[in-house]
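S.K.: Protein chains in written order, with numbering that gives the first Met the number 0: chain A, 0 to 527; chain B, 0 to 527.
Keep in mind that a hint or two might mislead.
A short list of chain B residues far from chain A (calculated; beta carbon distances all over 12 Å) [claimed, not checked]:
id	residue
1	MET0
2	ILE19
3	LYS37
4	ALA71
5	ARG189
6	GLU192
7	GLN265
8	ALA306
9	TRP336
10	THR362
11	ALA442
12	ASP498
13	GLY508
Which residues of chain A face chain B? A partial, calculated answer using Cβ under 7 Å [stated by the list, open to error]:
id	residue
14	SER16
15	TYR20
16	THR61
17	PHE127
18	THR129
19	GLN154
20	THR161
21	SER309
22	HIS451
23	ASN453
Because the hints were derived from the structure by calculation, they are not lab data.
Glycine is no exception: its CB is placed at the ideal position from the N, C-alpha and C atoms.
Given next are the chains, with one letter for each unit.
Number of protein chains: 2
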Amino acid sequence: MEKIVSLCKRRGFIFQSSEIYGGINGFWDYGPLGAELKRNVKELWWNTMTRQRDDVAGLEATIIMHPQIWKASGHVDTFSDPMVDCKTCKGRFRADQTNEIPCPQKPSKMVSECHGEKTAPRAFNLMFKTYVGPVADEENIAYLRPETAQAIFAQFKNVLETSRQKVPFGIAQVGKAFRNEVTPRNYTFRSREFEQMELEFFIKPDEVVEAIKGRVTPGAELDTRHSTLDTSSWGWEAWHKYWVEERIAFYEGIGLSRTTLEEYWQKPEELAHYARACVDILFKFPFGTQELEGIAARSDFDLSQHARFSGKPMGVFDEELRAAWGKLPKEKQDELWRRYYENRKKYLVKMGVEPEQAAKDATNDANGLAKGQYIPHVIEPSAGVDRLILALICNAYSEDQMPDEKGKLETRVVLKFHPRVAPIKVAVLPLLKNKPELVKKAAEIRDLLRPHMNVFYDDAGAIGRRYRRQDEAGTPFCVTIDFETLEGVKEGPLAGRKDTVTVRYRDDGKQDRVAIGELLNWLLPKIC
Amino acid sequence: MEKIVSLCKRRGFIFQSSEIYGGINGFWDYGPLGAELKRNVKELWWNTMTRQRDDVAGLEATIIMHPQIWKASGHVDTFSDPMVDCKTCKGRFRADQTNEIPCPQKPSKMVSECHGEKTAPRAFNLMFKTYVGPVADEENIAYLRPETAQAIFAQFKNVLETSRQKVPFGIAQVGKAFRNEVTPRNYTFRSREFEQMELEFFIKPDEVVEAIKGRVTPGAELDTRHSTLDTSSWGWEAWHKYWVEERIAFYEGIGLSRTTLEEYWQKPEELAHYARACVDILFKFPFGTQELEGIAARSDFDLSQHARFSGKPMGVFDEELRAAWGKLPKEKQDELWRRYYENRKKYLVKMGVEPEQAAKDATNDANGLAKGQYIPHVIEPSAGVDRLILALICNAYSEDQMPDEKGKLETRVVLKFHPRVAPIKVAVLPLLKNKPELVKKAAEIRDLLRPHMNVFYDDAGAIGRRYRRQDEAGTPFCVTIDFETLEGVKEGPLAGRKDTVTVRYRDDGKQDRVAIGELLNWLLPKIC
C-alpha cells in the first residue's frame, strides 16, 4: 500500500488536503491525474445510470438542506458513535476503540487501561453541524448531508411530476457528502468528505404488481442480463437482483473483474430495520476486503418517513392498478389489502405510532389500493466514488521487468487502467524536441486527436523516460513521431510509406506502426 | 422573471431545496433538466479550459480545508458584513440595509426608524463554520470554503511538481462554495450554496519577462485571438487581456452573444488592494445587469500570503531567467532588481510587516532573480455556475405564436438553448403509441442515437403537444417516426423512399425529412 500512496502523491493523483499547513485529518485532494480519473468514473456512472436509460432522471441537490430531513431520515437521532471522555487528559475516544487507542498522556497504556477517569459512553453525532443565517441558535442549525440519498426522497414528487416518468423509475445523483468520522483511515477509503453516486429506483410494492399482473416473478427465476426484459411482473426481489447484476457489470466494464470483487448478502440480523435485503459489493483492497457499494431494498421506509415528517403525501396514482383492482375477485382483493395493511402497520408501529392510530392509518393506506394509490418501494444502489477510485488505482498498480534503452531489464511501475477510465488516453511524443519537422507534425497530431480524447503532449527528455512516465500515469497509448514519419517506414507492411507513427502499448510495451490518417479511427474504439 | 421561475419549476430545471419542508432560504436544487444543463456547462468549461489546452492542469480539492488557509487569504479577518442587533426584538440586520428592512415588531417602520435600541455595527463573517473531530472547540474550527480558488494556491507546488507544467500555466477547478449571505436574492443568482469554475493562471512577473525577452508586449498591441501566438514576451496586461477575450468567446460559444453581455473594467478605486486590474463580465438579467464572471490580475498576492502563513516557499525556479540574468548589463539588472524589490516591499508593508523587516525580505526576494527564482503572478478568471445557468435560461426564454394542430395560432413558450448546452439533444417520437411498427422503429432510432447524445423518448399524447413539451425543455431537434417512415415518402426529394424520419426544428417549427441511415451524422455536427 505504501508504494501506491507514494505513486499517487508523486504523479499527482492524490494529495493530502491543505498539505502545506500540515494537512487536515480525513480530507484528500485530487491532483491533475486524479481529477481526470474521477471525472471519467463519475461521467461513466451518470451516462450508464441516466443518459443511456429511459427510466432514470437526474438530480443535483444542495449539500445543506432543511434540518427536518435528517429528523425524518433518522440521522439526527441515531447517526452516531458512542464516545467516552477522559476527565484527566480531556481526550474523547470511541467507546468501542478504547482497547486500541494509546492514552495521550501515557502512550504505553491503552485508553481502557490508563488511570484517567472516564465518563459513561455518550452518543456523538457524525453529522457536521453549522448555522444558516446571521444568528447561531437552535432554530438555524443545519447539517452537511451525510448521504446524497435523502435529497432524492425529498424531491421525489417534484421529479415525478416534471419528468414524465412513471413507477418503476429511478432518480440518480452524484455529489459530496460529509461524515465527521472519529477515526478516518485507510488512506482515502474512509474520509470525512467524500463523494457518492446514488440511485434511488422506485418500484411498485409486490401487492400492486400482483394486483395488476396476477403474479410476481420470483427473483430466483430471473435472468436479469437478458436484453429484452419484460419487467412488468417484477417485485422487489427481481429488481434488487437486477440492480446487483447491473452494478457488477458496471465495475467489470471499467476494469474490475469479478475475481477482484466479492458479493456479500447481508444476514437478516445485519439488515437495517427497514431493509428487506442488502448486498454489499466488496473489493479486495491491500488493507482488506471492503465495501465499494451497497445495494439495498429499502421498502417504502424513506418516502413514508418524509410523508409523515413533512405532512406532504408521497403516494403515487397508478391507473393500471385502479383498473386492475376492480376486476380482482373479492378474496384476492382482501388478501392483497391485508398484506399491504400489515406492512404499513408494522412500519408505523416500529416508528412509534400508537397501535390504534397505526391501525387506522394503515387502513387508510390499504384503502388507497382500490383507488390506484400506493407508496413506492425503493431499491438503492449506493456507491462511494473515492473508494472506487482507490480500488481502480490498487487494481491497476503493477510492477514488471522491462528492458531500458540499452536492453537492460529494469523494474517498471505501470497503472493498467481500463482505457475508459484512464486520465490520459494518448500521449503524443515527438522523438526529438530540437527537430522542428518532428515537433510540427506532433502538434498536428495532438490537435487532430484532442477534440475526441484527453491528450498529453510531451517533448522533453529521452523517449524511454517519457514512456515510463506515461506508464505510471496509466496512459494506454503513446504515439511517437519519429524520422520514419518524415522519411517513410524502413521495413514491414508499411515500408516506404510516409506519415505513419509508432503506437506503443502500455501493458506490454509492444509497438505498432499506424498511418496518421487512420490514427483517430484506430484509437477511438479502443478507448470507449 | 416570474414566468421563467414558473417554467423552471414546472419543467424540472430548478426546485427550491427541501421544498416539502417549506424550503431553506438561499438553497436551490436542480431537477432532471437543470442537472443535465448544468453538467453540460461544467463539462464544456472543463474541456475548454483544461483538456483542449496543454497549459492547464485540473484539480479537485475538498470543501473543508485547514482553517489557516482562510487566515492567509484574509477571509477570517475581512470576509464579513457589518451587522447590528436590536436589543428589543433580538433581530440581527445588515447595518447598510436598516433603511430597507421593516421592523419585525412594527412593520410600518423600517429598522432604522423603530424605537428598539441597536448595538453598534459588528462584523459578521460570511463563512459557514463547523467543527472537525469529536470536540467542538476553537482548535477544531473549520470553514466551508467561500471560494474554490484558495485550494489551487495551497496545492500550487504539488501540481507544479507532478504535472510537468512550467510557468506560464494554469490550474482549473470546478466545485461547490458556500457563503452565509444575510440576504440571498434574485432567485438562484445569489445563493448560499453555489458552484464555481475557477482558473488560476500563473505567469512570470513583468520584470522576469523583461529580463528574459528584453521587453514586455504592451497589452494594447495585442491581437489575442490570433491562432499562433508567441506568448513568451507577455506580461500581466497581455495575459489579462487574453483571458478576458477567451472567456467572452466561451460565452459566445454557448449562446450568449456579445449584445447580451457587458464588459466592466473596475476603476482603480474599486479594485481589491492586491489587484492590478479586474474585468467583470456582466449579463443583462431581467432583474438588472449583473456579474457572471470576474477576471482579475491578482499579482503575486495569493502565493505570497500562503508562503508567509505556511512557512513553505512558493517561488519557482526558471532556468531561462537564470541564464538570461547573467547576460544582462549591470544597469538593466539594477533596474529590474529595484522594480521587483519595490513591489515585494510594498506588498509586505501593506500586510503589516515592519518596514525594516520588509526591506530585508524584499531584498532577499529580489536577490532570487539572479538565481532564477521568483513568485509567480496570477490571472484569475472566476465564473459562477449557477448564475450562468440562470443567464442561459433567461437568454433562451422566448414566447412566440405558432399554429396548433388545427392551424390556429397559439402562444408557445420555447427555450432557445444553444444545442451544445441543451439538456436533451433530440427527442424521438413515434407518431402513435399503439402501432407496434412505429414504436419498434422509434426504439431502434433511440438506441442508435443514444450512445452519442442525450435522447428523450416520448410516445404519449398528441404529437403537437409532445413538440410543445420539447420546446419548453429546449430540445433543438424532434425526430418523428410516422407512416411515411414505414411506407415510403409521399412527395419531395425523397419521394418513394422508406426508412426516413421527420426532423422538426425547435426554433421555427420547420420540418425536414432525413434518412435514418444518415440521421446520426446529420445530427452530430449540429449539437457539438
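S.K.: Could you run down the list of hints and mark each one as holding or not?
M.R.: Hints and how they fare:
{"no.": "1", "hint": "MET0", "in the structure": "holds, 20 Å"}
{"no.": "2", "hint": "ILE19", "in the structure": "violated, 4 Å"}
{"no.": "3", "hint": "LYS37", "in the structure": "violated, 6 Å"}
{"no.": "4", "hint": "ALA71", "in the structure": "violated, 9 Å"}
{"no.": "5", "hint": "ARG189", "in the structure": "holds, 14 Å"}
{"no.": "6", "hint": "GLU192", "in the structure": "violated, 5 Å"}
{"no.": "7", "hint": "GLN265", "in the structure": "holds, 28 Å"}
{"no.": "8", "hint": "ALA306", "in the structure": "violated, 9 Å"}
{"no.": "9", "hint": "TRP336", "in the structure": "holds, 28 Å"}
{"no.": "10", "hint": "THR362", "in the structure": "holds, 24 Å"}
{"no.": "11", "hint": "ALA442", "in the structure": "violated, 9 Å"}
{"no.": "12", "hint": "ASP498", "in the structure": "holds, 22 Å"}
{"no.": "13", "hint": "GLY508", "in the structure": "holds, 21 Å"}
{"no.": "14", "hint": "SER16", "in the structure": "holds, 5 Å"}
{"no.": "15", "hint": "TYR20", "in the structure": "holds, 4 Å"}
{"no.": "16", "hint": "THR61", "in the structure": "holds, 4 Å"}
{"no.": "17", "hint": "PHE127", "in the structure": "holds, 5 Å"}
{"no.": "18", "hint": "THR129", "in the structure": "holds, 5 Å"}
{"no.": "19", "hint": "GLN154", "in the structure": "holds, 6 Å"}
{"no.": "20", "hint": "THR161", "in the structure": "holds, 3 Å"}
{"no.": "21", "hint": "SER309", "in the structure": "holds, 4 Å"}
{"no.": "22", "hint": "HIS451", "in the structure": "violated, 10 Å"}
{"no.": "23", "hint": "ASN453", "in the structure": "holds, 5 Å"}
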